[in-house]
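There are 2 protein chains.
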Amino acid sequence: MAEEKLPKRSEDFAEWYNQLVLRAELADYAPVRGCMIVRPYGWALWENIQQALDRRFKATGHQNVAFPLLIPKHFIEKEKHHVEGFSPELAVVTIGGGEELAEPLIVRPTSETIIGHMWSKWIQSYRDLPVLMNQWNSVVRWELRTKLFLRTLEFYWQEGHTAHATRKEAEDETRQMLDIYADFAVNDAAIPVIPGRKSDAEKFAGADTTYSIEAMMGDGKALQSGTSHFLGQNFAQAFEIRYLDQGGQLQYCWTTSWGLSTRFIGAIIMAHGDDQGLVLPPKLAPYQAVIVPIFKTDAEKNAVMEPAQKLKTDLAKAGLRITLDLREGFSPGWKFNDWEMRGVPVRIELGPKDVAKHAAVLARRDRPGKEGKSSIALADAVNSVAKLLEEIQKSLHDRALAFRQANTKEPRDYKEFKLAVETGFAYSYWCGSADCEAKIKEETKATMRCIPLDQKLGQESAHSSASASCVYCGQPARERAIFGRAY
Amino acid sequence: MAEEKLPKRSEDFAEWYNQLVLRAELADYAPVRGCMIVRPYGWALWENIQQALDRRFKATGHQNVAFPLLIPKHFIEKEKHHVEGFSPELAVVTIGGGEELAEPLIVRPTSETIIGHMWSKWIQSYRDLPVLMNQWNSVVRWELRTKLFLRTLEFYWQEGHTAHATRKEAEDETRQMLDIYADFAVNDAAIPVIPGRKSDAEKFAGADTTYSIEAMMGDGKALQSGTSHFLGQNFAQAFEIRYLDQGGQLQYCWTTSWGLSTRFIGAIIMAHGDDQGLVLPPKLAPYQAVIVPIFKTDAEKNAVMEPAQKLKTDLAKAGLRITLDLREGFSPGWKFNDWEMRGVPVRIELGPKDVAKHAAVLARRDRPGKEGKSSIALADAVNSVAKLLEEIQKSLHDRALAFRQANTKEPRDYKEFKLAVETGFAYSYWCGSADCEAKIKEETKATMRCIPLDQKLGQESAHSSASASCVYCGQPARERAIFGRAY
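Taken in sequence, the protein lines are chains C and Z. Read in my numbering, the first sequence has 216 at position 210, and its numbers run on one by one without any break. Read in my numbering, the second sequence has 312 at position 306, and its numbers run on one by one without any break.
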């Protein structure tokens, strides 16, 4: 509810975020430290994200599946990097049915191990490959510093897992899924992202290579918004996932995994939100438009309600997600604020004067005030609203991209680098050493977000090859990386 | 895969079931005792069940939500019947992030307690009511005797939870959701069910009244297929879920909960399956039809493949869920068996002779052999297949209903009663005493399944009021109940 104003986004981004999540009723704090409850409005947003991704996964041949929540403890210990990465974060079931368990069970932090175990049973021959699986579930990692959606003890996600006969197929799959995440982020969430490779320090525990999509939030910080891992034969060797090839030889499989989580809701909030609250991209918004009827007298109400109901029916029939705000005891102004807080892309105002003119007023969420208002003919409402939604979708993306570009610097030296990461991204040559990476992090709080696959970042770069030396140590460097402070 | 024949359903129902689940690749045993993996084919079936129910939940105003997996232990202890019912079945997390927890956390066996806790924060006034929520998740109950889908340590379900201002509204909701389950079972799963009230001995731990839908399986045993609970003010009092009514008085809410789980997949298997394997109702089948191209020579293959692809495209465009079996190295006969094992409702055989006649052969899964085969014109395939799917849907329901009616007896005395529950249901007057119920269970292994809401069971009953006495003790009885051995 929108009784009080939010803290200004420009003045206290962190508190603006926290209060927005609560007041837009996206999520709430659970009674267990670090856990969250995703409320109906937040879950409806997540369901739309799920559908947008699931459609893409199925179109590329993946099938959904459900592996158990509980994993024998010794499974986690089979892959050495995996156990190092996850051991400190585990939730452990030691009692079941009133008795101490002989072997404790882990609440899954991710499912590579139990899936690897089953694949070793199911996969026998090259005919069984590739195996292309995905599951929608929740996982538990014992995080100490938590924040709603961004980092919680339990979070919701999808985890894709695939097994292949050859290294190339697995690498192609890893990149394909990264592309799918980027396509979803750009086209459905209107969030421009940078697809790239992670450094060794930042990669998944057990991966040969981790790729991610990185987005810039409204405060210039980075948010890793999806990851895709090429796991080599690490899990195949740890779990004996093997197949008979066409020549009758036993071979280890090559595996991948990839995930996108409810963190992404945090990305949507922080990429698009403003001082009035949430701003949702039309393709993912639970409601794409809200009709607010305006009246004072009973006569006015009578004049307005029938056209309002008809408008709702027309828009819904056209496949738009639409709601009509019939709440009693609240003024139109209060309702406007409430729907602005909830980020509904288009508000349709319908008062007696509009009805008399066979018209309605559209107000677009991404442009507050008079500038974003227009009068439309009721008879043409379906087209007008659909067209406006498309415009908003595009406009949100373009705005976020312009913001990222304005706040991404190509520093000429470490001094400029330090300034750049105060407010956004630094795109700099880096020698590849973990030592430089660690020192940069220590001195600037900025981490290596990714080595962009497109080293031009989608534009012709003015950067000359003369400066191909590490921004920290000055040694020769072959690749540029994005550095930034991150969530 | 269908290398060997299944055990005959009539000879070893239990083993027939176990092997069918594994061979149709619906599920597999997990490495943790009592847990299962739902494989892609099983999960696709569950996704169709989810959609069929979710549509109905949303149409009646319910919203999806996600409450956490982990529940503080003392929450479970707040409602006295609830704690008695669930304490023996709990999985307990005692270690998190490497440290012993101050308070152990329960892996949710169901979510009334944590939802009650949050509602006490969220619900303030009559304006906030009703609250109509649902969540799709998994829960853990430490079952000792497990069986894939029917009873597993972790299972998948939806749990609906609602809060209301008045007893009547909550009672109406409880019954509405029972009706929705029955409608889904009958119309989508083709399983006739008996909606009724549970005895006190069989009701949910914490409910005032539990309702269920009860189905008869192919061996005459009962399967409780969905439950809806009127919780009175039990959880409202335990968790202080209160609201200010219109007169400004603080009142306790009335709450309900209702659930349907992956058990229902067991119901589908056991209600419709036959000696060849699974038989799926068209409305829920992952694939409604499979096209099997038939050829020996390359010339025949060339003749068949293009029409087969076109047929697939045509049927898919018409909204049918369709697959074309292009697996190499398997004979058509092997493929027929494989798809029969998986229960695909319609098989479309397409060989060079059929193509020459612009025809195809449809084989319906519910009528094996020649009787179920018909030749259709390719040009009319969409209509023919759609019509046949409707026929199969209806036929499966009618067959299951006829079977239940044939195996439901109205015994005149306890001797007849004991015979009846050997093979099916006994529909008998019962005095209502827990003592008679317990003795019947002890002596016959039959439990009180439900007291049907429709005491005529949908048909004119020949039963006279003269025999309105308890089948066990002979005392006066007002209601008849369904008794049967159950899963």
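Read the hints as simulated data drawn from the structure, not as lab findings. Warning: the hint list may mix true and false statements.
The list treats identical chains as interchangeable, and a pair is accepted whether it falls inside one copy or across any two copies.
Unchecked claim - In the BS3-like style, the derived pairs of lysine-lysine whose C-alpha atoms are separated by at most 25 Å in a straight line are:
#1 Lys-302 - Lys-393
#2 Lys-462 - Lys-415
#3 Lys-79 - Lys-153
#4 Lys-318 - Lys-86
#5 Lys-447 - Lys-14
#6 Lys-323 - Lys-289
#7 Lys-64 - Lys-289
#8 Lys-11 - Lys-127
#9 Lys-400 - Lys-445
#10 Lys-64 - Lys-421
#11 Lys-209 - Lys-445
#12 Lys-379 - Lys-393
#13 Lys-318 - Lys-363
#14 Lys-318 - Lys-64
#15 Lys-424 - Lys-86
#16 Lys-445 - Lys-421
#17 Lys-64 - Lys-316
#18 Lys-379 - Lys-400
#19 Lys-451 - Lys-415
Cross-check of the supplied hints:
| no. | hint | result |
| --- | --- | --- |
| 1 | Lys-302 - Lys-393 | neither (31 Å within a copy, 55 Å between copies) |
| 2 | Lys-462 - Lys-415 | within (13 Å within a copy, 78 Å between copies) |
| 3 | Lys-79 - Lys-153 | between (28 Å within a copy, 24 Å between copies) |
| 4 | Lys-318 - Lys-86 | neither (57 Å within a copy, 47 Å between copies) |
| 5 | Lys-447 - Lys-14 | neither (29 Å within a copy, 67 Å between copies) |
| 6 | Lys-323 - Lys-289 | both (17 Å within a copy, 24 Å between copies) |
| 7 | Lys-64 - Lys-289 | both (19 Å within a copy, 20 Å between copies) |
| 8 | Lys-11 - Lys-127 | between (58 Å within a copy, 21 Å between copies) |
| 9 | Lys-400 - Lys-445 | neither (39 Å within a copy, 71 Å between copies) |
| 10 | Lys-64 - Lys-421 | neither (48 Å within a copy, 56 Å between copies) |
| 11 | Lys-209 - Lys-445 | within (18 Å within a copy, 63 Å between copies) |
| 12 | Lys-379 - Lys-393 | within (14 Å within a copy, 51 Å between copies) |
| 13 | Lys-318 - Lys-363 | within (18 Å within a copy, 51 Å between copies) |
| 14 | Lys-318 - Lys-64 | between (32 Å within a copy, 17 Å between copies) |
| 15 | Lys-424 - Lys-86 | neither (36 Å within a copy, 60 Å between copies) |
| 16 | Lys-445 - Lys-421 | within (14 Å within a copy, 86 Å between copies) |
| 17 | Lys-64 - Lys-316 | between (36 Å within a copy, 21 Å between copies) |
| 18 | Lys-379 - Lys-400 | within (18 Å within a copy, 54 Å between copies) |
| 19 | Lys-451 - Lys-415 | within (17 Å within a copy, 76 Å between copies) |
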